[in-house]
Structures are given as structure tokens and as C-alpha cells.
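Engineer: Take the sequence shown: its letters are residues 14 to 710, numbered as in my numbering.
To be clear, the hints were calculated from the coordinates, so they are not data collected in a lab. Computed from a predicted structure; not experimentally measured. Mixed in with the good hints, there may be bad ones.
[Said to hold, decoys possible] Keeping only pairs whose Cα atoms sit at most 25 Å apart, straight-line, the calculated DMTMM-like set for lysine to aspartate or glutamate is: (1) 374 to 352; (2) 351 to 444; (3) 279 to 178; (4) 484 to 457; (5) 101 to 150; (6) 437 to 567; (7) 405 to 549; (8) 101 to 277; (9) 572 to 510.
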Amino acid sequence: MSIVALGYCFTLLFSHSSMAQVFEVSDPKSLAQDYMTNSMPTPLYDQIEDELNREYQAIGEREARRLLQNRSLSIIGGLNSVGVSFKKPFLDFTYYVDRNLAPDLFDDKRWIVTDTMSVTIDASKIFGRLKSEGKIDLTEKNLNAFAGLVFKRSYTYVHFANSYEEGLMRDFEKLFFPFRYFSPSKLKTLSANEFLIKEDSLSVNVGGLASAPLYSGITGMAGFLAKYQRMTRMEAFGHVVSEDEAELESGDQTKFHLSFEKSEAKSLGVGLGVQLEFLRLLKLTLLSYDFTYTFDKSLKLYLDFKNRDLDLIENDSAVGKEIRAILRTQDPKINILKDFVVSEEKRESQLKRSKYTILLKGGVKEAKTQQVEIVKDNKIKRFFKHYFENIKYKEDLFSRLFSGFIYAVLNMDVGASKTSSETKRVTMEYEGEADLLALNETIDVGVEEKLSVTLTTVFKSNKTTGSFGEKYKERALFYLDRFSGVDPLATSMLKSDHLRGPLTLQGKYQLGRDGLIYLNRQPISTIYNHFEALCDEYPKSGVFNFRNLFDHCERSLQKLYLNYYTDLHHDKVTSLDVEYCREKAKKYWWRPSKKRAFLKDCLASISYKENNRLTDIPLYTLKDLLDGVQSKSYSKVDYYNLFGVQNIFFYGSLEATTEDQRFFTTHFHEGAFKGLGLIDHYMRLENMRFPASVVID
Numbered sequence: 014m015s016i017v018a019l020g021y022c023f024t025l026l027f028s029h030s031s032m033a034q035v036f037e038v039s040d041p042k043s044l045a046q047d048y049m050t051n052s053m054p055t056p057l058y059d060q061i062e063d064e065l066n067r068e069y070q071a072i073g074e075r076e077a078r079r080l081l082q083n084r085s086l087s088i089i090g091g092l093n094s095v096g097v098s099f100k101k102p103f104l105d106f107t108y109y110v111d112r113n114l115a116p117d118l119f120d121d122k123r124w125i126v127t128d129t130m131s132v133t134i135d136a137s138k139i140f141g142r143l144k145s146e147g148k149i150d151l152t153e154k155n156l157n158a159f160a161g162l163v164f165k166r167s168y169t170y171v172h173f174a175n176s177y178e179e180g181l182m183r184d185f186e187k188l189f190f191p192f193r194y195f196s197p198s199k200l201k202t203l204s205a206n207e208f209l210i211k212e213d214s215l216s217v218n219v220g221g222l223a224s225a226p227l228y229s230g231i232t233g234m235a236g237f238l239a240k241y242q243r244m245t246r247m248e249a250f251g252h253v254v255s256e257d258e259a260e261l262e263s264g265d266q267t268k269f270h271l272s273f274e275k276s277e278a279k280s281l282g283v284g285l286g287v288q289l290e291f292l293r294l295l296k297l298t299l300l301s302y303d304f305t306y307t308f309d310k311s312l313k314l315y316l317d318f319k320n321r322d323l324d325l326i327e328n329d330s331a332v333g334k335e336i337r338a339i340l341r342t343q344d345p346k347i348n349i350l351k352d353f354v355v356s357e358e359k360r361e362s363q364l365k366r367s368k369y370t371i372l373l374k375g376g377v378k379e380a381k382t383q384q385v386e387i388v389k390d391n392k393i394k395r396f397f398k399h400y401f402e403n404i405k406y407k408e409d410l411f412s413r414l415f416s417g418f419i420y421a422v423l424n425m426d427v428g429a430s431k432t433s434s435e436t437k438r439v440t441m442e443y444e445g446e447a448d449l450l451a452l453n454e455t456i457d458v459g460v461e462e463k464l465s466v467t468l469t470t471v472f473k474s475n476k477t478t479g480s481f482g483e484k485y486k487e488r489a490l491f492y493l494d495r496f497s498g499v500d501p502l503a504t505s506m507l508k509s510d511h512l513r514g515p516l517t518l519q520g521k522y523q524l525g526r527d528g529l530i531y532l533n534r535q536p537i538s539t540i541y542n543h544f545e546a547l548c549d550e551y552p553k554s555g556v557f558n559f560r561n562l563f564d565h566c567e568r569s570l571q572k573l574y575l576n577y578y579t580d581l582h583h584d585k586v587t588s589l590d591v592e593y594c595r596e597k598a599k600k601y602w603w604r605p606s607k608k609r610a611f612l613k614d615c616l617a618s619i620s621y622k623e624n625n626r627l628t629d630i631p632l633y634t635l636k637d638l639l640d641g642v643q644s645k646s647y648s649k650v651d652y653y654n655l656f657g658v659q660n661i662f663f664y665g666s667l668e669a670t671t672e673d674q675r676f677f678t679t680h681f682h683e684g685a686f687k688g689l690g691l692i693d694h695y696m697r698l699e700n701m702r703f704p705a706s707v708v709i710d
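Taking the hints into account, I'd like the entire structure generated from these sequences.
Structural biologist: Below you can see the structure in the form of C-alpha cells.
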């Protein structure tokens, strides 16, 4: 389907009776004359061609000559990434083209030409014009509701030229009318390394903010923001033919690659805050809390077409119809294209994010669930990835005041710089047929590696010297001593200020099946002793000592472990089990406390696993236990005690600045390398590097 001005679609959509409360058509006859031809919307492409078909060559040559005349001005950096551009506003949309040239690094005599054409449609401008012309009756409030609704379509054509001048002066049809090349017949003519890219994006933002004075100079605020984003993208790539392949004339040669990608994201956020105002100019946030929920899903499909397949893509066969659907950035039927699929990837993810600030301190918590489905060589692999992240940070006072001043004077939101931040993260990846974590199920890791866990710790500090930076240097040394494997010389250099901030220390601990089985084999008393040692690692000064009051650290970890231990050693209780134990407990009708104790013991004995191999891992309670251990641990020894030093692969890095302002970095690792996660290991094992690597967030 040809692209149609989104304004036409909006008019058809909102003239539906169900949307009558949004606006009314005041002059339907005039509106139909503007937007309708034979009861069908007028294609946007026709407007572009009618306006530019006779002039595009002259416009392109004019802009190219202007650049060639000023060529002597671009000496530094050579001629890399230079080109021409042209922009033209139409009645309901904005048209923009750009030609970018760069030398080909693999061919001294060839230049890469990247032509991009984009169309942007803003719904508020369309409806605002129709309202001012009296063709629709729309209130100002409802008009403002369309302010965040924007549609954009872009075409990209990457081709080659023998010289810089040739790249600027020729093939202007590919620059001004690239949509002419998105057809099955054009795919057959793609040269090696030539790209065709088409991308559609639609974004909608709706929000509101309210404020009220709480006290003299103090204001309370509350707001919400809802977002919707949709993106579809297709890419055609001419296959690179080697010298050996060029001598072959069989139909087994790959002619071109085709990919299709679609993603959709929805999010809703709410926020509360308290601001302090100085002299009606400077505003500082005293307290704030924000919560965001985001759901997104995506599909990525990669296909190869060989010479023998070229006849299929132009005719009216089922394959040809699906190729045309991809060229229109519409969802293809994968079952029809299964013989051409190189790989397929599906993802679904949910993200919960909360953020708070109290004066100069703040924190961020994130919990995300992601499903990844990969199809390669007719084999389906389903992975699930869950992570929890906890960030604590401190902001610089002067930076905070400066950001407030900039916002008051220029109305620009400039974030305050952070003096330090501490990040704790848990990532769990596993292979399965269903979302076992959501269903609170178990996974058997006894046969093969189906589960991996990564515990990550990151410490950052902008300053480690001077009176203000001394406490951050002590904190950095604390993390170096307990979470890193750096050369002791680096620690000495930091102590003597030969190394200083900005500083970043990152450590990742990777464990799999063996580490979890090691945890399961330890007696409860041993685990409790490990928790006692873990909680003793808390610093004994300042606010950190408060967290150890009443043994809260130990008791919370013990509770998390007991939940995990119960699920590990007991099957699920059924309704029949409950009825059986209730019948047995009737004899204690005069003693309610005795009856409850009997029910608990009865259900525990029925559900107990007699021949437990300790390999059926309960995912849900494992996640909670890992979150608790990671949040409270302050030493890598805690990981070694719980999971076994021989079962952990540790790697990380230290980045800092020398006293003469040079960049310094060092890497470290411990243990036997077993891959960087279950999904990464599978991709490497299957050599999934073409046509594009699968990237896991």
C-alpha cells in the first residue's frame, strides 16, 4: 500500500461515530474535495512527484555545485561525511532529502553515497489548519491532545560512485524519489553492497502536570506521562560475491538479503515531587518519586534469496506477495517464507522502574523481564532474561544549584552531575518453553546448562582528591579491596593520588548450573553462617550501621533462603492434599493453634521430595534470594562461600585518570571462562553473526 498522508488517515479515523466527541466535521463537502479522490485517499507520493518531478534534477545540481564551489573550505578531516540537503514544507507534511558522501575504506577509488528521504507528519498541525479553515469543529483542549502525535517515514538508498564529483552530481532520482526503487523487480537488480532501507515510526505522547503551594516557598507537584512508539523497518542488501563464487553460474548463489524488523513500546509514568523556591527564581527539588512501567515487543526476521528464487518474487505467488508486504513494512507470513529464513528473533519485555531523590541523594530500582525467541535452521530456541538493578547516587551541590539556575533563566532541563554512584545488578538467563518465572515453576539443570546468573557491581566517582573527594576515594578503595582482582599496584597508585577520578570500577561474577547445585548441597546451618559473615561486611560507621540494627540483614536473608529451600525440597501442594490434611486435623478442633501446626507439618510431609536431585531449580524464589544477596553483599567472598570459588568466572575493569590527565585502564579476571551468559553462549555456538548479531539488552 502506498504511503498516504497521515492527516488523511486521521480524518477518516476520527470522523468515525465513536470519535464524535473529539471533533465534528463542519464542512464535509470541502473536506472531501481536499482529501478524497474516487472515495480513496490521495497518495502522498503523487504530491511529491507533481511538485518536484520537473525540478529535482536542477535542484540537485544546484546544491551540488554550491558544495563543490566551497570545497576548499573543508580541508580538515578531508571529505568524509559531506553532502547536500534539501527541505520543502508541504501543506500537511514536511519533505526532507539528504545526500551524504564518504570514501570507501576498502576501495581507494570508490565513494559511498547515502541518500535519505524522509517525510514527517504532525497531527496537531493538520487539525489546527482544518480548524482555522472552519472545516472541523475542534476545541482547543482536544487540539492540544494531538500535540504529541507524530509520524515519520524515511527511505535510505546506499550506492557507490567512482569519484566525489560523480557521487554528488548523478542519480538524483535515488535521492528525491527513492520510493520508486522499493519493488520486487528492483531487488533483482541490487548490486553487491548496495542497501535499501525503509523505516516507519509513529510516536504518541500524552501527559499532564499539576502543582499546588504547600507552604511559603514550597510547592507540591504531581504528573503523569503516557507514551506509545511503533517502528517498522525493512532492509535489502545486495550480496557480496567473492571471486570464486563469481565463476559459478548455478542458482545456489545468494543474490540479496532481506530483513524485517518491527517493535512496539508502551509506557506509563507517574511522578510526585516537592520543590523549594528561592526569590521566585531558583527552584530546587527537595523530594521526588517517579515510577514507570514499560512494555515492548519486537520481531526481527532475516532472509536470503538465491538466483533460483528470483522468479518467485515478481509473480503473484504466495512468496511474491509476502515480499511485497515486507517492502510496504507490513507483517509477513513467516510460514510462507520459512524456506528463506536465516534466523528469526522475537522479544517481549516488561520494565518496572522507580526513582527517588532526597536532597542530594537518590536511587533507581529497575526490574525487567525479557523473552527472546530465536529461529535458526528450523530450530527454535526460547530464552528468558530477568534482571534487577539497584543504583544509589549522590549529586554535586554546586551542579544542582547551577542546573536549577539554568532552568529558571533558559527553561532548559540540565541534569546535575553525580559525585558518585553504586550499582548492584542481578541478571538471570534460562532456556525454556514458557515463562517459568511468571508461572513460579522450576527448571531442571541436571542434564545440560539451561541457566546462568550474572552478579554485577559498579562503582563510579567523579572526584577522589581534595577535601571533598577524600571520602569517595575511601569508598573506591573499599570496592577495590572487596570486589575486584586488580593488580595491588593500582590500589597503591589510587592511595597516593597517582590515579584519581573520574573513576569507574566494574566487576561481573558469572555462574551456572554447578554454582547453584553447590548452593543446594550446603546445610542450612552453613548457609546461615555465610549470611552472618556477609552482614558483618557492612561498614560500621554512619548510616550504614543503622541497617544492622536488630539483625535485619541476617533475618531478611534467612527468610529469602527458607522460601527458596522450601520450594527446592517440596512439590506444589494440591487441593486434594489440603483436603486430606484438613480431615486429619479435625481431631484438634478444640485447639486452633495445634490444628494450624498439624496442617503445616502434614502438608510438608506430603509434598517432601524423597529423591531430590537438587537440580530442579525454583526460579521465582531463586530470583528473590539473588536480589537479596546482591543488594546486601559487600565482598566477592560472599559469592565464593555460597556458590563455590571453583564455579565462578569473574571479570572486570578499572578505568581512571592519571595525575597528568591521561586515561588509565586495566582489566582483570579470575576462574575458568564458561561464556558470558546463556544467550551469548548460544549465539557464539551457532555463529550468529550474519546478517546481524543478535543483541540482548
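Engineer: Which hint numbers does the structure go against, in order from smallest to largest?
Structural biologist: 1, 3, 4, 5, 8, 9
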